[in-house]
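S.K.: Between the sequences and the hints, there should be enough to build the whole structure, so can you do that?
Residue numbers (my numbering), protein chains in the order written: chain A, 1 to 562; chain B, 1 to 192; chain C, 1 to 314.
Think of the hints as simulated: they come from the structure by calculation, not from any bench.
In this text, all values refer to a predicted model and were calculated from it rather than measured experimentally.
Ideal placement from N, C-alpha and C gives every residue a C-beta, glycine not left out.
Check before you lean on any hint, since a few could be wrong.
When the alpha-carbon atoms are kept at most 25 Å apart in a straight line, the in silico SDA-like pairs for lysine to any residue are as follows [unchecked claim]:
no., chain 1, residue 1, chain 2, residue 2
1, C, K272, C, D297
2, C, K103, B, A62
3, C, K76, A, D203
From chain B, some residues computed to sit far from chain C (all C-beta separations above 10 Å) [to be verified]:
no., residue
4, A39
5, C98
6, F112
7, I150
8, I153
9, L172
10, I190
If we take Cβ atoms under 7 Å as the criterion, some of the chain C residues that face chain A in the derived model are [to be verified]:
no., residue
11, L89
12, F93
13, P99
14, D100
15, V101
16, K111
17, P198
18, S200
19, M236
20, P237
21, S238
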Amino acid sequence: MSQDHTHNHGDHHQQTFLEKYIFPVDHKRIAAQYLTTGMFMGLLGGFFAYVFRSQQAHPGHEVPLYGLVNANQYNALTTSHGTLMIFWFAMPVLVAAFGNFLIPLMIGADDMVFPRINRLSYQIFFLSTVILIASFFAPGGAFGGGWTAYPPLSSTAQFSTTPWGSTMWIVAVGLEFVAFLLGGINFIVTLMNARAPGMRMYDIPIVLWTIVIASILFMASVGPLLAGAIMLIFDQTMHIGFYDPQKGGDPVLWQHLFWFFGHPEVYVVLLPAMGIVAEIITVFSRKKLFGYRTVLFTMFGTGVLSFVVWAHHQFIAGIDPRMSNLFTVTTILISIPVTEMCFVYIATLYKGSIELTTAMLFALSFLAAFLMGGVTGIFLGASGADTYLHDTYFVIAHFHYTFVPIAILAGLAGMYFWYPKMYGRMMNETLGKIHFWGTFIPFNCIFIPLFYTGAAGDQRRVYNYENFPHTATDLHYLRQFATASVIVMLLFQIPFLYNYFVSMFKGKIAGKNPWQSNTLEWVAESPPPHGNFSEFPNVYRPPYEYSVPGRDKDFWPQNEPT
Amino acid sequence: MSFQRPMATERSATGISTCKLGVYWVIGSEIVIFGGLLAAYVMFRLAHGSWAHESAHTNVVAGGTNTLVLLTSSLFAVLAHQAAERKDTESAFKFLWCTIGGALTFLLIKSFEWGGEIHHGLTIHKSLFWAFYYTAAGIHAAHVICGAIIMAIIAADVKKHKDLQRVEAIGLYWHFVDIVWIFLFPLLYIAK
Amino acid sequence: MESKDSHNQPDGGSHHESHGTSHYIKIWAILTVLLGLSICGPMVGIRWLTLVTAFGIAIVKALMVAREFMHLKIEKRIVSYVLLSMLILVSIFFFGVAPDVMKGEGQQWVKKYDEAAAEAAEEAASEHGEGGEAAAVATNAEPTSDSVAEPAPAAQASGRSKFSKPWVATPELVANGKQVFQVNCQTCHGPEGKGNGPASTALNPKPRNFTAATGWKQGRKPSQIFHTISTGLGGMPSFASLSTDDRWSVVHYVRTLGPHAGEKDTVADLKKIGIDPSKDNGGGSADQVIPIDLAIDRLALESAQGDSPKKAKK
Numbered sequence: 001m002s003q004d005h006t007h008n009h010g011d012h013h014q015q016t017f018l019e020k021y022i023f024p025v026d027h028k029r030i031a032a033q034y035l036t037t038g039m040f041m042g043l044l045g046g047f048f049a050y051v052f053r054s055q056q057a058h059p060g061h062e063v064p065l066y067g068l069v070n071a072n073q074y075n076a077l078t079t080s081h082g083t084l085m086i087f088w089f090a091m092p093v094l095v096a097a098f099g100n101f102l103i104p105l106m107i108g109a110d111d112m113v114f115p116r117i118n119r120l121s122y123q124i125f126f127l128s129t130v131i132l133i134a135s136f137f138a139p140g141g142a143f144g145g146g147w148t149a150y151p152p153l154s155s156t157a158q159f160s161t162t163p164w165g166s167t168m169w170i171v172a173v174g175l176e177f178v179a180f181l182l183g184g185i186n187f188i189v190t191l192m193n194a195r196a197p198g199m200r201m202y203d204i205p206i207v208l209w210t211i212v213i214a215s216i217l218f219m220a221s222v223g224p225l226l227a228g229a230i231m232l233i234f235d236q237t238m239h240i241g242f243y244d245p246q247k248g249g250d251p252v253l254w255q256h257l258f259w260f261f262g263h264p265e266v267y268v269v270l271l272p273a274m275g276i277v278a279e280i281i282t283v284f285s286r287k288k289l290f291g292y293r294t295v296l297f298t299m300f301g302t303g304v305l306s307f308v309v310w311a312h313h314q315f316i317a318g319i320d321p322r323m324s325n326l327f328t329v330t331t332i333l334i335s336i337p338v339t340e341m342c343f344v345y346i347a348t349l350y351k352g353s354i355e356l357t358t359a360m361l362f363a364l365s366f367l368a369a370f371l372m373g374g375v376t377g378i379f380l381g382a383s384g385a386d387t388y389l390h391d392t393y394f395v396i397a398h399f400h401y402t403f404v405p406i407a408i409l410a411g412l413a414g415m416y417f418w419y420p421k422m423y424g425r426m427m428n429e430t431l432g433k434i435h436f437w438g439t440f441i442p443f444n445c446i447f448i449p450l451f452y453t454g455a456a457g458d459q460r461r462v463y464n465y466e467n468f469p470h471t472a473t474d475l476h477y478l479r480q481f482a483t484a485s486v487i488v489m490l491l492f493q494i495p496f497l498y499n500y501f502v503s504m505f506k507g508k509i510a511g512k513n514p515w516q517s518n519t520l521e522w523v524a525e526s527p528p529p530h531g532n533f534s535e536f537p538n539v540y541r542p543p544y545e546y547s548v549p550g551r552d553k554d555f556w557p558q559n560e561p562t
Numbered sequence: 001m002s003f004q005r006p007m008a009t010e011r012s013a014t015g016i017s018t019c020k021l022g023v024y025w026v027i028g029s030e031i032v033i034f035g036g037l038l039a040a041y042v043m044f045r046l047a048h049g050s051w052a053h054e055s056a057h058t059n060v061v062a063g064g065t066n067t068l069v070l071l072t073s074s075l076f077a078v079l080a081h082q083a084a085e086r087k088d089t090e091s092a093f094k095f096l097w098c099t100i101g102g103a104l105t106f107l108l109i110k111s112f113e114w115g116g117e118i119h120h121g122l123t124i125h126k127s128l129f130w131a132f133y134y135t136a137a138g139i140h141a142a143h144v145i146c147g148a149i150i151m152a153i154i155a156a157d158v159k160k161h162k163d164l165q166r167v168e169a170i171g172l173y174w175h176f177v178d179i180v181w182i183f184l185f186p187l188l189y190i191a192k
Numbered sequence: 001m002e003s004k005d006s007h008n009q010p011d012g013g014s015h016h017e018s019h020g021t022s023h024y025i026k027i028w029a030i031l032t033v034l035l036g037l038s039i040c041g042p043m044v045g046i047r048w049l050t051l052v053t054a055f056g057i058a059i060v061k062a063l064m065v066a067r068e069f070m071h072l073k074i075e076k077r078i079v080s081y082v083l084l085s086m087l088i089l090v091s092i093f094f095f096g097v098a099p100d101v102m103k104g105e106g107q108q109w110v111k112k113y114d115e116a117a118a119e120a121a122e123e124a125a126s127e128h129g130e131g132g133e134a135a136a137v138a139t140n141a142e143p144t145s146d147s148v149a150e151p152a153p154a155a156q157a158s159g160r161s162k163f164s165k166p167w168v169a170t171p172e173l174v175a176n177g178k179q180v181f182q183v184n185c186q187t188c189h190g191p192e193g194k195g196n197g198p199a200s201t202a203l204n205p206k207p208r209n210f211t212a213a214t215g216w217k218q219g220r221k222p223s224q225i226f227h228t229i230s231t232g233l234g235g236m237p238s239f240a241s242l243s244t245d246d247r248w249s250v251v252h253y254v255r256t257l258g259p260h261a262g263e264k265d266t267v268a269d270l271k272k273i274g275i276d277p278s279k280d281n282g283g284g285s286a287d288q289v290i291p292i293d294l295a296i297d298r299l300a301l302e303s304a305q306g307d308s309p310k311k312a313k314k
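M.R.: Here it is as structure tokens:
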């Protein structure tokens with residue numbers, strides 16, 4: 001019944017440097033490209049955060065390593081921080097890098113089904129990165145209208161003062177969408193079709209489900225926004241008026257187009273993060289996932305629901321109040337499946353044989369912090385409370401309590417976990433733990449104060465609170481404390497970077513399966529060669545058969561014949 | 001620098017070929033793109049009664065002819081697929097180029113149509129109706145152009161007996177482009 | 001997402017088809033007939049017939065192309081479900097957004113795009129036989145040039161104003177100006193207009209000191225100050241988002257902060273920013289010409305509405 005496709009790529013043609021590193025079609029190399037670009041942009045986004053938070057804490061003073069921050073620059077920095085972190089860090093790392101690396105390996109295939117489209121998707125993504133960074137140097141400066149780019153600020157140069165920056169920004173974002181559409185199609189078709197013999201629906205590791213469902217969510221929601229982006233570019237460059245009421249347009253249309261995508265987008269990044277965490281906690285508690293089908297169908301439900309909650313971002317934009325009622329109900333409802341997934345993970349841990357590696361620490365911290373973020377979202381999802389809290393730092397603290405666990409805690413967990421497979425060597429655990437505590441504790445120190453200042457009335461996107469003497473000046477010390485914590489957190493990324501690069505050469509040799517995991521990627525060599533497997537595996541069981549009674553080993557790889 | 005197709009591309013756990021599955025997902029994403037744009041158009045159209053007067057100036061003859069052209073080109077695409085199924089590469093190649101011919105005819109008629117309209121001052125700036133008109137039809141035309149180019153590349157491969165399964169795939173894409181126009185035509189051309 | 005244990009030949013669907021070329025040509029012929037119907041139907045002019053023929057037939061045609069040409073009727077069901085879900089999402093988008101975008105007015109606002117004017121203008125124009133572009137351009141167009149010679153609409157000094165001739169200072173305007181100044185200008189220019197507001201610490205060059213007679217880059221005449229406020233200057237953004245009344249108010253308030261009374265506008269100065277001082281509302285630009293009967297209708301409508309659209313409903 002099982003067929004053995006022994007397909008030896010071997011070295012039938014020597015790959016040139018260009019073929020191997022600049023224009024690769026190999027999914028692992030493309031993953032590395034996405035990871036590198038993503039990490040670089042993430043650090044840049046973090047630097048921007050440092051700059052604008054320093055301006056907040058000490059307004060009007062020169063920021064070391066940057067200079068004076070004026071009002072326009074402040075807007076550009078906050079806009080770029082949001083844009084970079086979501087589109088050029090979270091998505092490339094969590095979806096593109098991990099998706100590209102893991103999917104073919106975990107399904108026992110030799111590559112993605114469309115390798116050249118895969119390469120094209122990175123090239124388009126790279127182009128979008130170049131355009132975005134170029135926009136920082138354009139005449140007038142970088143776009144400063146918020147990552148949400150509401151018109152008329154974003155559509156009219158007279159208001160935004162950044163005619164070049166605005167257009168380059170939206171073009172870069174549009175290209176990035178196209179890149180991820182192409183990549184997503186690859187992921188979906190590969191998972192649907194190229195699975196190893198014997199891998200049925202419920203034998204697929206959760207992380208692959210999450211990445212592919214995220215790709216589907218992305219693809220299904222980005223369409224209207226792509227259309228809207230073209231309309232915005234026309235408004236900006238040709239003064240058309242799609243969003244200009246004086247010409248018959250409607251700025252609220254943009255809001256809807258944006259958030260119809262914007263909300264599923266957060267699940268696009270959340271799901272892969274939860275998938276990564278699922279893989280890690282099963283391995284390091286040596287226990288089966290508590291409810292595979294529960295998690296799976298809950299994930300489907302979350303995905304579906306995510307399409308009907310978007311207007312909770314627009315509660316005070318003047319939308320139809322009857323719609324607000326509807327969206328409040330759906331928003332509160334969506335917290336249920338997501339929480340359920342988290343509880344399933346906690347149940348997985350219960351009575352497990354826990355091993356607190358760095359990856360596991362990050363995964364556990366994800367659960368704790370994300371739950372906090374989710375809970376604070378309930379206040380914001382209720383349109384009544386949101387009337388007060390909208391556009392305050394409470395919102396910022398809420399979404400950082402969800403986004404930072406997603407992008408940073410879970411992303412780092414994944415990097416620590418799969419590093420041995422990617423590079424064939426182990427990372428240093430001591431440095432890893434220093435990195436963990438130095439990231440997790442400052443992270444809380446940044447955002448808990450911001451819940452307070454937000455509830456006290458601090459509005460978002462304010463460049464200098466001294467201009468508004470009636471705001472909570474007695475809470476200024478909280479803003480300064482948060483800023484100091486940002487600096488500490490950024491500094492603690494240095495041990496990580498050192499660990500990452502030095503371990504590639506000096507780390508302990510990892511072997512094929514250092515974590516003693518069940519899934520198929522650990523069957524290949526570390527790092528896997530071009531073509532991944534010398535003998536392609538077949539699958540005989542689901543992925544989480546850990547600590548099965550009656551067996552001498554506490555794990556049971558998927559490819560081991562019965 | 002030869003590219004070797006991975007073994008993964010040949011696998012098919014769903015029973016649908018990889019190539020076709022990919023095209024269907026592309027079509028899925030395009031449905032939402034065009035759907036979003038046209039939904040916005042419909043909202044505005046329903047809210048602005050005056051647009052009916054504007055759309056009276058669209059050229060129904062050109063639009064109707066173009067609809068016929070695209071329908072016919074879709075027919076050729078299906079015949080090309082049929083030919084590919086029975087490995088008749090000569091006919092498949094001919095039918096594919098007939099489809100591309102349809103695309104070129106469509107674009108030709110459109111350029112005359114738009115040329116005339118612009119000459120009469122019905123530019124994209126004239127009103128929001130015209131803005132939608134040019135934007136929607138323009139994005140559609142861009143898809144026609146891309147589809148025609150890809151079809152030509154596939155036709156060249158077909159002549160060399162290579163990758164015949166792609167004829168069906170590009171045909172599917174082409175039918176989708178046709179369907180979008182089937183909806184664009186009444187939305188943009190048929191006045192109230 | 002069904003999977004099979006073995007790697008079967010893909011495309012089980014299309015192998016089973018025994019439809020010949022004639023079948024496809026038949027479908028094409030039906031589609032052509034339907035196309036003809038969908039063009040002729042609307043010509044009759046009955047609304048429901050138009051809807052049925054134009055859009056109903058479009059749906060039928062699309063389904064036929066999908067089922068017969070794309071072979072969706074013999075394809076695996078999952079494909080149809082995926083495509084259908086995408087369509088459902090589009091409709092969710094439509095029904096979620098339409099209540100907002102299709103609304104023309106709310107409790108405190110009215111969409112400025114004037115339906116009635118545009119429709120009437122179109123009808124008037126088509127009555128006159130011309131393609132309708134000229135009048136339509138007159139009502140719908142907005143000067144889009146960015147050149148300095150022609151003032152951009154927001155910078156235009158005329159427009160709906162509560163005050164007659166707001167370019168002439170009055171105590172009312174000055175008082176309004178003080179309030180607007182405190183909210184919008186004080187952060188940079190300081191409470192006394194000395195250019196020493198809290199935001200000025202980060203600015204270089206510093207904001208204008210209104211108490212001084214020198215240093216005004218674009219002049220101290222009211223029209224010149226108005227121009228600066230409307231278009232911005234250097235580090236100062238444009239405040240065209242403020243109404244013309246508010247901008248004029250600020251102009252007059254700012255002039256009280258220093259020895260500027262001597263600097264007055266000539267008729268030429270005012271014309272430069274698009275104002276015809278002989279008219280109460282400044283005249284407006286030539287582009288905003290509308291037919292007289294329409295103007296009378298608008299006047300009647302505006303006096304019925306008064307300040308808020310709600311009044312018109314009573």
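S.K.: So, for every hint listed, does it hold in this structure?
M.R.: To see whether the hints hold, each was checked on the structure:
1. C/K272 - C/D297: 31 Å, violated
2. C/K103 - B/A62: Not OK: C/K103 and B/A62 at ~33 Å, beyond 25 Å, violated.
3. C/K76 - A/D203: This hinted pair holds, its Cα atoms lying about 22 Å apart.
4. A39: 4 Å, violated
5. C98: B/C98 is indeed farther than 10 Å from all Cβ atoms of chain C, at 13 Å.
6. F112: 18 Å, holds
7. I150: Fine: 17 Å to the nearest Cβ keeps B/I150 off the interface.
8. I153: 21 Å, holds
9. L172: The claim is violated: B/L172 sits with its nearest Cβ about 6 Å from chain C, within 10 Å.
10. I190: 4 Å, violated
11. L89: 6 Å, holds
12. F93: Cβ of C/F93 sits 5 Å from chain A, so the hint holds.
13. P99: Cβ of C/P99 sits 4 Å from chain A, so the hint holds.
14. D100: Holds, about 5 Å.
15. V101: Holds, because the Cβ-Cβ distance from C/V101 to chain A comes to roughly 5 Å (cut-off 7 Å).
16. K111: Cβ of C/K111 sits 5 Å from chain A, so the hint holds.
17. P198: 5 Å, holds
18. S200: 9 Å, violated
19. M236: 10 Å, violated
20. P237: Nearest chain A Cβ about 6 Å off; hint holds.
21. S238: Result: holds, 5 Å to nearest chain A Cβ.
In the structure shown, a violation is registered for the earlier hints numbered 1, 2, 4, 9, 10, 18, 19, in ascending order.
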